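*Asks:* Below, each chain spelled out in residue letters.
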Amino acid sequence: MSKSYRDGLPISPENFVDQLMRLKRGSIGRRDFLGLTGLGIATAVMAREIGIMPTPAFAAESLGDRMSIATWPNYHDPATFENFKKDTGVAVEVNVFGSNEEMLAKLQAGASGWSLFVPTNYTISTYKKLGIIEALDMAKLPNFDGTQEDPRFTSEGTIDGTTYAVPKNWGTTGFAVNTKKLTKPMTSWKEFWDTAMAEGDGRTMVHDYQLTTIGNALKYYGYSFNSLKQDELAKAEELLLKVKPHLFAVSSDYQPGMRAGDAWMTMCWTNDGAQLHRDIPEIAYVLGKEGGEIWTDFYAIPKDAPNKPAGYALLNYLMNPQVAVKEHLANGAPSTDARVNKLLPKEVLDNPILYPAADLLTPLEFGAAATLTDPGRAELMARFKSA
Amino acid sequence: MHGNKFRHNLLTALLLGPAAAWLVVFLVLPFIAIAVFSVGERAPEGGYQAAFTLAQYANLPARATAFWNTMMLAPMGALACLLVAYPVAYYLALQAAQRWRLILLALVVIPFWTSLLMRTYAWMYVLGGRGIPALLAYVGFEDIRLINTPGAVLLGIVYGYLPLMILPIYVSLERLDRRLLEASADLGATPLSTFLGVTLKLSLPGVMTGFSLVMILLLGEYLIPTLLGGGKVFFIGNALVDLFLQSRNWPFGSAIAITLVLVSVVVLIAANRISTRVSGARRVDLI
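Those protein sequence lines, which keep their order, are chains B and U.
This note's numbering applies: residue 1 is where the first sequence begins, and numbers increase by one.
This note's numbering applies: residue 1 is where the second sequence begins, and numbers increase by one.
It is possible that some hints are incorrect.
Claimed, not checked - Partner residues are not named here, just some residues of chain B that face chain U (Cβ under 10 Å, in silico):
#1 K106
#2 T163
#3 R203
#4 S251
#5 P375
#6 S386
Read the hints as simulated data drawn from the structure, not as lab findings.
This structure is a prediction, so every number in the text was calculated from the model and none was measured.
Here a beta-carbon is modelled for each residue, glycine too, at the ideal position from N, C-alpha and C.
Just chain B, same shape as in the assembly (with noise of 0.2 Å):
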């Protein structure tokens, strides 16, 4: 593979004339344009280095050499951070996590030394409340435009009229089905768990998560994802030990069970849905039509970060909608931002498991802070991983 010298380029010369014709022709606006070209970063880096522009407030301190990122498994394009690193020289260290509360436990115990990490919507106002992040000064933030954001997916950034978190994509948790294995076509949850009892059986996964395990089984009896009532939770543990000795496995690295065709069935967040069916075409993915889990994961700065510069840096090179389009298209999870939308190709927007119909999204549920740190949750899953 030979590298061109328009790899690391944020837009190419064609799709630069493309922009500034629709510039000319009124079609997008100033900010759109600076923003699809790369030129907005171009300016803010000139601004630094040269001292002509108006000098945005982080400019004036030093990035420094380092900086480290908590976020998901196969989250990111690997070129991102290079292009991040050349740009500034700033080398990014990533970190990967299995689940919220691993990432809140990291923070609560302190000094976790990331400088951005990448929380789910449901723990934004538990991270307020606890005092661990930045209430985020959007001036050093020039990439990002609220306007061009669905409000659906970024309301729970912003908590008071101050932002917290800026959103980075959302997505949805249905179940991955092989259906050359698993011939019925299935449509709900409450076939999800029948199936598990049944040709499923010794064959289906559930994630190592009580949020959506525990709120996926609940969806079995039309309750809430999100219940906290102790009859409706009483239900859901009743199937969920009914259901345990069928199971394959309990657990949220669910790709390789599939792949390998050990597992036939899995509960699945739309990322992963996506990448197996992309290779394994006769994997698909399900929304259960009795709803269950809508989510968007978005980008906060921890209060001790230990170089806030370059967090906002690298939060700010993450929201030019050319970076950030590259993301999508390597991990395969939908935007928020209608500027990257634009950019997406038509196969990607039709694809169902990506951007769904808007019937099977109507009853999707957003998680609730409640939900993750509610004690009888925790104890109810653990009685269920002991059973």
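Fit chain U to the given chain B structure using the hints.
*Replies:* Positioned in the frame of chain B, the structure of chain U alone reads:
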């Protein structure tokens, strides 16, 4: 005289100082922190908040299954290791030719050069659908599942802990005075009774060392059951990981950790007692 004694004490302090400081900072202080946590309360958003209550200890029955599973796994796993390790150690110490012995011993130790996590992951792929089951499908046995079964967990445990069992048994067999075996035969014992009455009995200290070493480590095991057992069987190690990293109930996790340490100490003392008794009142130091 006085000066000599002072010098002797100073030397002792200098020799033991680094190890003592290490133990105080990395063992005693964390242990005290955990003991303090264990009488505290879970903060509303998780973590620890100061309190003085024994509620966490009263709640221990909520993890009774995890304790029970661990108490079953640890001795059974150690026993399985022992059954595989003893013949190997016997062969190494008493049968193998001198020039092969070092090479064979090296082969026992070499797997330690790679992390247990990597080796357990390798087993995931060997036992997974594209590994041995794919070979079995090739010769006509379709859809055989090996991964995430109790057998896979047992295999992982024996594989992972075998060297820790082989080495102490090997050492005790190697020190065995061969003239005792000849004497036993001269006095009319059959090979079997010589083995049971002399060889096995004299190697018991090594057996007990290996057994308690593996068993103590198995009390905290969580990786192998998670990776090769699919997280379906819940051990104390799994309960601790969940309490600290998932539900963030640090005080309850601390109470379980303290209890586990106490159980380990009891197991160690019991093993030492048994070993002393069976090997004829000779005192044995474990670990």
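*Asks:* Hints first: check each against the structure and report whether it holds.
*Replies:* Against the structure, the hints:
1. K106: OK, holds: B/K106 within 10 Å of chain U, min 8 Å.
2. T163: violated (21 Å)
3. R203: Hint on B/R203: holds, closest Cβ of chain U at ~8 Å, below 10 Å.
4. S251: holds (5 Å)
5. P375: holds (7 Å)
6. S386: Constraint on B/S386 satisfied, holds at 4 Å.
The structure is inconsistent with hint 2 alone, although it conforms to all the rest.
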